[in-house]
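2 protein chains.
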Amino acid sequence: MRLMLLALLCLAACAQQPVAPPAGRASAQVLEASAPSDWRRLDPEDTIYLELASGRVVIELAPAFAPLHAQNIKALAREQYFDGLVILRSQDNYVVQWGDPAEDEKKARPIRSAKSSLPPEFAREATPDLPFSVLADGDVYAPEAGHSTGFPAARGNGKAWLAHCYGMLGVSRGNTADSGSGAGLYVVIGHSPRHLDRNITLAGRVVKGMELLSALPRGTGALGFYENPEQHVKVRALRVAADLPASQRTELELLRTDTATWTEYVDSRRWRREEWFLDKVGHVELCNVPLPVREKK
Amino acid sequence: MRLMLLALLCLAACAQQPVAPPAGRASAQVLEASAPSDWRRLDPEDTIYLELASGRVVIELAPAFAPLHAQNIKALAREQYFDGLVILRSQDNYVVQWGDPAEDEKKARPIRSAKSSLPPEFAREATPDLPFSVLADGDVYAPEAGHSTGFPAARGNGKAWLAHCYGMLGVSRGNTADSGSGAGLYVVIGHSPRHLDRNITLAGRVVKGMELLSALPRGTGALGFYENPEQHVKVRALRVAADLPASQRTELELLRTDTATWTEYVDSRRWRREEWFLDKVGHVELCNVPLPVREKK
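Chains as they are written, first to last, in the working numbering: chain S, 1 to 297; chain W, 1 to 297.
Don't read these hints as lab results, they were simulated from the structure.
Wrong hints could be hidden among the right ones.
[Claimed, not checked] Below, computed lysine-lysine pairings styled on PhoX-like, alpha-carbon distance capped at 20 Å:
| no. | chain 1 | residue 1 | chain 2 | residue 2 |
| --- | --- | --- | --- | --- |
| 1 | W | LYS159 | S | LYS159 |
| 2 | S | LYS234 | S | LYS107 |
| 3 | W | LYS159 | S | LYS280 |
[What the hints assert, rightly or not] Facing chain W, according to a computed beta carbon distance under 8 Å, are these residues of chain S, among others:
| no. | residue |
| --- | --- |
| 4 | ASP92 |
| 5 | GLY138 |
| 6 | CYS165 |
| 7 | GLY190 |
| 8 | VAL207 |
| 9 | LYS208 |
| 10 | GLY209 |
| 11 | GLU211 |
| 12 | THR261 |
| 13 | GLU285 |
[Unchecked claim] Below, a sample of chain W positions facing chain S; criterion: calculated Cβ distance under 8 Å:
| no. | residue |
| --- | --- |
| 14 | ASP92 |
| 15 | GLY138 |
| 16 | ARG194 |
| 17 | ASN199 |
| 18 | ARG272 |
| 19 | LEU278 |
| 20 | ASN288 |
We put the beta carbon where it would ideally sit given N, CA and C, even for glycine.
Generate coordinates for the entire structure from the input sequences, incorporating the hints supplied.
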């Protein structure tokens, strides 16, 4: 049944000769023509800064999908839990991960006011109030893919969840669902590992500074862990943007994902109207829709 | 019509509650149980080495899909065209590219015996003799996705083409289809840019040494070009493996993609039977099937 439907789908939907796209603009022109109201400011209360010697990684938290984890990551940041901890792992085509390098639990940094374990937030109810811009192109992993509250997401059977696209922030866990707290965090640096969706809590996404993580040397141990502690990259601090004076914040704007401009932008990623594209494509996959970010105007 | 079919597909095919996978083995066990005949040796005549100060990147060419380009890249290598040229570009979540840094055509390195332009090899005829292991999970970009002659590929309307998965080697071109020759080459280092499929010739794929490319500092110029020539990473040499003494070759074996073991391996990537996976997934997307590579036994 499933294979038959797939074949039917593709015979009907997948044009295989280069075809002319419907009239429209290319991505750069869509963004140029956007109105100020098509953009939103990062909320400093939902923004964290991972401060490395090489610079600042700006991460937007996703309280609409992971409210408990977003809150706990901020609580950890506010007790300065992460300061002086390290990037432990860089696995090629997968993730960079930071946290406490102590192998002996007795030497592990104590968590003071934050929680040390949380219920999983792998998916949430797809309630009517949750905005969701559906991607018409389908998805291999979920009944529906699209964007919600600025994040790549998926939906099905009454649930909605964030998708493991490039740059997403996740919460490390052990073998049990409630074994993550936010004390260990990872960022996707390779081809989007969508098989992790609904297996682990995603709590946000890098909006600036990805290259400070993605270009780190890969660890040579199993799973990309650094074998020698000297290879660890120190986390100078992890801070909630709201806790910094305004002058020290990184002011960014992100394209809203619930507007007509967003729909046009997605279409411009589906139909590649730039001269270079000889085949204008006509399809776009969820993680190939990068979220436009710009300096505050 | 298209949207209706997508909805139908997903209602029927996308299980949204964690379900138990059919009986089977996890990836590690599939590989452990494999027979020697499930593996193939790299053919030294179809293997090139990109030699950097940091080490060797081993690349398998794909003559079944890009015979003219594979041949010409070897011809360029054999006239030592690449030796002393540089990695010019590292664009985050996209590609690393190498070639001639000369901006003035008069100063460009001459191509001697190799061809300086070639007809495009964006797709080939899907002839009956071309092996193709279809992935039952569908694909956003093509009627069929799967693996052919060891490479991720797609198929439709009588054509077959390589897919822009992580690690694939492509041939830079200008705005015209025949403007590539292999004198400029790129490797995918981010989320697979499948919108490039059938727009540019893919000619192979990195099988070892990806981290020597993917962890390079990102260029700060437009499209990730290095703005300062001092940032260029020198290409010591690019060689055809067959031209080196056997003792200097990197001997690798790759899992064949046309066997029952391959089918079982793909299934083990679709159904994640490892204990850690609380949701066993049940789907796998083309570029999330990594090709197993091992040292020669």
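Status of the hints after comparison with the structure:
With a C-alpha separation of about 38 Å, the suggested pair W/LYS159 and S/LYS159 falls outside the 20 Å cut-off, and the hint is violated. Note on S/LYS234 and S/LYS107: the hinted pairing holds, with a Cα-Cα distance of about 18 Å set against a maximum of 20 Å. The hinted pair formed by W/LYS159 and S/LYS280 meets the criterion: a straight-line CA distance of about 17 Å does not exceed 20 Å. Among the interface hints, the one on S/ASP92 holds; its C-beta lies about 5 Å from the nearest C-beta in chain W, closer than the 8 Å criterion.
Annotation: interface hint on S/GLY138 holds; nearest CB of chain W at approximately 5 Å, less than 8 Å. Proximity of S/CYS165 to chain W holds as hinted, the smallest CB-CB distance being about 7 Å (cut-off 8 Å). The beta carbon of S/GLY190 is positioned within 8 Å of a beta carbon in chain W (closest approach about 6 Å), and the interface hint is therefore held. A distance limit of 8 Å between C-beta atoms decides the matter here; for S/VAL207 the minimum to chain W is near 13 Å, and the interface restraint is violated.
Contact between S/LYS208 and chain W, as hinted, is not supported at the beta carbon level, the nearest pair being about 11 Å apart and thus beyond 8 Å. Interface hint at S/GLY209: violated, since its Cβ lies 10 Å from the closest Cβ of chain W, which is beyond the 8 Å cut-off. Hint status for S/GLU211: holds, given a least beta-carbon distance of 4 Å to chain W, under 8 Å. Violation of the interface hint for S/THR261 is found here, the shortest Cβ-Cβ separation to chain W being roughly 21 Å, above the 8 Å cut-off.
Hint status for S/GLU285 relative to chain W: holds, with the closest Cβ pair at about 4 Å, below 8 Å. Annotation: interface hint on W/ASP92 holds; nearest CB of chain S at approximately 5 Å, less than 8 Å. Of the supplied interface hints, the one on W/GLY138 holds, with its beta-carbon coming within about 5 Å of a beta-carbon of chain S, less than 8 Å. Against a cut-off of 8 Å between C-beta atoms, the interface hint on W/ARG194 holds, since the closest Cβ of chain S lies about 6 Å away.
Annotation: W/ASN199 was flagged as interfacial toward chain S, and the flag holds, the nearest CB pair being 5 Å apart, inside 8 Å. Hint status for W/ARG272: holds, given a least beta-carbon distance of 6 Å to chain S, under 8 Å. At a threshold of 8 Å, the smallest CB-CB gap from W/LEU278 to chain S is about 6 Å, leaving the interface hint in force. The beta carbon of W/ASN288 comes within 6 Å of a beta carbon in chain S, closer than 8 Å, and the hint placing it at the interface holds.
Consistency note: the structure conflicts with the earlier hints numbered 1, 8, 9, 10, 12.
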